[in-house]
Every structure is written in structure tokens, then in C-alpha cells.
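Chemist: Below are the chains, spelled out letter by letter.
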Amino acid sequence: MKEHKHKDVFKQGAITPVFIGDCIAKHQSKTTVGAHNIFLGQVRADKIDGKTVSTIEYTAYDDMANKKFNAIREAAFTKFNLTCMHIYHSLGKVRIGEICLFVFVSSPRRKEVFEALEFVVEEIKATVPVFGKEIFEDTSHRWKVNS
Amino acid sequence: MKEHKHKDVFKQGAITPVFIGDCIAKHQSKTTVGAHNIFLGQVRADKIDGKTVSTIEYTAYDDMANKKFNAIREAAFTKFNLTCMHIYHSLGKVRIGEICLFVFVSSPRRKEVFEALEFVVEEIKATVPVFGKEIFEDTSHRWKVNS
Amino acid sequence: MQLKIKYFGMLAEVAQCREEDLHCNEVTVYGLLKVLYGKYPKLKEKNFQIAQNNELLSPKAKLTTGEIALLPPFAGG
Amino acid sequence: MQLKIKYFGMLAEVAQCREEDLHCNEVTVYGLLKVLYGKYPKLKEKNFQIAQNNELLSPKAKLTTGEIALLPPFAGG
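Residue numbers (the numbering used here), protein chains in the order written: chain W, 1 to 147; chain C, 148 to 294; chain S, 295 to 371; chain X, 372 to 448.
Hints in this document: simulated from the structure, not taken from any laboratory. Don't take each hint at face value.
[Stated by the list, open to error] SDA-like, lysine to any residue: derived pairs with alpha carbons at most 25 angstroms apart:
#, chain 1, residue 1, chain 2, residue 2
1, C, K272, S, A306
2, W, K30, C, K258
3, S, K300, S, K328
4, X, K375, W, T139
5, W, K30, C, V165
6, W, K11, W, K26
7, C, K177, W, N81
8, X, K417, X, Y401
9, C, K194, W, T83
10, C, K214, S, K328
11, C, K272, W, G97
12, W, K111, C, D210
13, S, K328, S, A309
14, W, K133, C, K177
15, X, K375, X, V400
16, X, K410, X, L442
17, C, K280, S, K300
18, S, K300, C, F166
19, C, K272, W, R95
20, C, K198, W, N81
21, X, K433, W, Q28
22, C, K240, S, E313
23, W, K111, C, K177
24, X, K433, X, L374
25, X, K375, X, K431
26, C, K240, C, F283
27, X, K410, X, R389
28, W, K133, C, K258
29, S, K340, C, V165
30, C, K198, W, P108
31, C, K272, S, N319
32, C, K214, S, K336
33, C, K258, W, K26
34, W, K93, W, K30
35, S, K336, S, Q346
36, W, K125, W, I48
37, C, K272, W, K11
38, S, K333, S, L365
The structure presented is a predicted model; accordingly, all values stated were derived computationally and were not measured.
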């Protein structure tokens with residue numbers, strides 16, 4: 001399973017569209033791939049009690065998070081016929097409109113990527129210890145809970 | 148429904164990673180969006196009877212294709228809570244490893260984008276009159292059939 | 295009835311043209327198919343559908359003057 | 372038993388620190404919770420889980436010397 005080894009999931013700050021474009025470009029040499037599926041989580045300007053979120057600050061329990069990302073990765077390669085898979089998650093501050101999660105799965109066939117991507121995203125939300133501090137425009141904050 | 152009006156689905160030649168990155172960047176101003184889901188169809192170097200595909204040349208029955216793309220678009224906005232949606236499909240020659248289909252859906256919530264993206268991609272495959280000529284390295288060809 | 299027949303994909307190879315004008319006394323899809331099979335016997339081996347006004351037609355559907363498209367299996371994406 | 376307690380997210384606000392060393396005579400998660408609730412009464416109002424060795428523990432699970440993490444609801448992505 002060496003080729004599936006996970007590294008550098010966490011990135012400091014937002015994940016940029018240029019980084020995502022570069023990642024897509026790198027997959028053009030994989031000519032057995034017929035379908036890519038990409039999930040992007042973007043920070044919303046949610047309004048709560050009249051205040052508007054301006055930034056989310058992410059923290060994680062790194063050791064456990066990395067172990068969980070690896071487990072998700074191994075499970076996805078076992079369950080689905082994937083050629084490759086990448087996960088990137090932000091740490092630190094990400095402003096509204098910026099991207100905080102980038103999951104990228106590739107397979108010869110499209111059916112595999114739809115199922116695999118949803119599986120991976122739901123597992124990340126459920127099992128990876130990442131915490132989000134929603135900071136409002138007035139600098140007060142609230143702790144984010146996934147729904 | 149004016150804001151959902153469809154235009155310019157077809158693009159001559161491959162869809163580039165830079166174009167996709169730019170399209171993602173343009174969505175950073177949409178701060179009600181929490182989730183994007185992107186499908187990319189990439190041309191595979193399939194081996195058939197000992198010959199390897201090098202290029203697919205796409206043609207379409209344009210009038211009907213545009214009508215079908217519009218119908219898919221309207222159906223997707225009716226069925227799912229989408230903030231926006233884009234479809235791009237190549238015409239002409241696309242080499243192996245290059246991207247020929249780019250579908251991009253965005254919503255406040257992730258559940259919506261997973262369902263919407265699969266719906267849109269399956270509808271495109273089933274209802275849009277696009278034809279693919281798989282050209283082998285020796286310049287012979289075969290007509291592609293979706294599975 | 296005056297029709298313009300458009301051939302797509304492998305069907306353009308069979309007809310050796312992308313479109314042609316055709317005068318046809320038949321008024322249904324089924325009738326048109328008989329005419330086309332007579333003109334291009336190899337069409338009988340092909341899997342295709344017929345569309346008019348951007349919609350697929352059933353074999354019993356009535357034709358109207360104008361453009362008709364012969365569409366092989368779709369292969370988008 | 373010597374433990375290092377790590378507090379994440381809103382729990383670090385309750386404990387007013389990110390980690391601390393704690394000597395604890397209790398050997399189960401349930402016992403540790405009693406100690407922590409005594410030290411930080413506001414923890415009782417919080418929804419959280421306890422992990423050791425990168426795995427979530429049930430209330431009856433045994434603790435071992437070393438690092439313990441208090442984890443509020445996950446909010447990745």
C-alpha cells in the first residue's frame with residue numbers, strides 16, 4: 001500500500017484555486033483515469049443572531065487526525081476502485097469565500113468516484129478531530145458544529 | 148429563471164486545468180456557498196484489440212444538445228437547492244489525459260451537491276447527443292459507446 | 295414531403311455524407327426507416343435513433359417537413 | 372497515575388489552557404470525568420469525548436499513563 005501513503009493533509013490557511021488547478025494538471029499523466037470527482041468545502045458568511053461570520057479558525061488534534069485520515073484513505077482504496085486520492089484540510093484562519101477542504105478522487109469509471117467521494121467527505125466530518133472557531137465581524141466567536 | 152440561463156456549454160478542444168481553477172476562483176465571492184462538487188471526465192488511453200486510444204474527437208447535434216443541456220439545468224435547479232451550476236463539454240479533438248467534461252455545482256450544503264452532481268452527469272450521458280470518435284495511435288478509429 | 299436528413303457519428307460514415315435533402319412519400323418514422331434502409335442497407339446493422347425538433351421520435355411518430363437527425367448512441371463525457 | 376490532559380476548541384476556553392499535567396487516582400474514563408468535573412464545573416455543560424492513543428474511549432474504558440485528549444464535537448470541512 002506504499003503508493004497510498006498519506007502525507008501533508010493539513011495546510012496552513014486557505015486552499016487556493018491555483019493549487020487545485022495544479023493538482024488537476026498533475027493528473028493528466030494518469031491515462032487510465034476516466035473520471036475525477038472533487039469536493040470543496042468553502043467558508044460561508046453565516047448570519048447568527050444578527051452577526052455575520054467573517055473567518056473560521058481551524059485547529060486539530062494532529063496525531064489523531066492524521067491517523068484518522070490514513071484510516072479513511074485505506075478504507076476508500078479497499079472499498080472502491082480508485083486510481084488515486086488526495087485530501088487537504090486547512091488549519092488556522094480561512095476567510096469567508098475561501099476553501100478549507102479539498103478532496104480529490106480519481107478512477108477509470110465514474111460510478112466509483114461518486115460513491116468514493118461522498119464516503120470520504122462524510123468520514124472526514126464524522127471521525128477527524130478538527131475544530132472550527134467561527135469568528136464574527138465584531139471579533140466575537142462561536143464554536144462551529146457540523147450538521 | 149434568467150440567472151440560470153445556459154450558455155457556451157461547448158468548448159473547442161480540451162478543458163484546461165487553468166480554466167477550472169479560474170472558475171473555482173470566481174466562486175469565492177459567493178459567500179452563501181458552503182460546498183462545491185466538481186466532476187471531470189478525462190480521456191483514457193483505452194486498449195482495444197491491442198491498439199491504444201490516443202485522442203477522442205467529439206461532435207454533437209448542437210441544437211438538440213443545447214436544448215438538452217438547458218433541460219438538465221432547469222431540472223437540477225428544480226430538484227436541488229443549488230446556488231449555481233456550470234457545464235462545459237469539449238468538441239473536436241481531446242487527447243488522452245485531457246479533460247472533455249467539466250460539471251460544477253455549488254450549494255450552501257454538501258448533501259445537495261453530491262446528489263445534484265451525479266444527477267447532472269448521468270443526464271448528460273443519457274440525453275445529450277454527443278458522439279465520440281476514438282482515434283488509435285495508428286490513426287484507425289472506433290466509435291465510443293458509454294457504459 | 296421534403297426532408298433534410300442529418301447523419302451523425304458512424305452514420306455519416308455509412309451515408310458518406312453529413313446531410314442530404316430527401317424527398318419522401320412516407321409520413322412516419324417507420325416509413326422513413328424503410329426508405330433509408332433501401333438507400334443504405336448497412337444502416338440495418340446500426341443502432342440509432344431518429345430526432346425531429348430536438349426530440350427523439352418513436353417509430354409510429356408522424357414526421358413534418360424539415361430537418362431530421364439520425365443519432366447513434368450518445369457518448370458524451 | 373500521571374496524565375497529560377489536552378483541551379481542544381471550546382474546552383480550552385473552559386480549562387483556560389491547552390494542556391496540563393494531572394495526577395489522577397482514577398483508572399477509568401468515568402473516574403477521570405469526575406475529577407475534571409470537580410476541577411472545571413462548566414465542563415458538565417459541554418458535549419465532548421475523551422481519546423487516548425488516537426482512539427475515542429467509552430466511559431468504562433481503562434486509562435493508561437500518558438496523554439489524554441478532551442475533544443468537543445468535530446467540525447472539519
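Chemist: For each hint given before, does the structure comply? Return the numbers of the non-compliant ones in rising order.
Modeler: 2, 4, 7, 10, 11, 12, 18, 19, 21, 23, 29, 31, 32, 33, 34, 37
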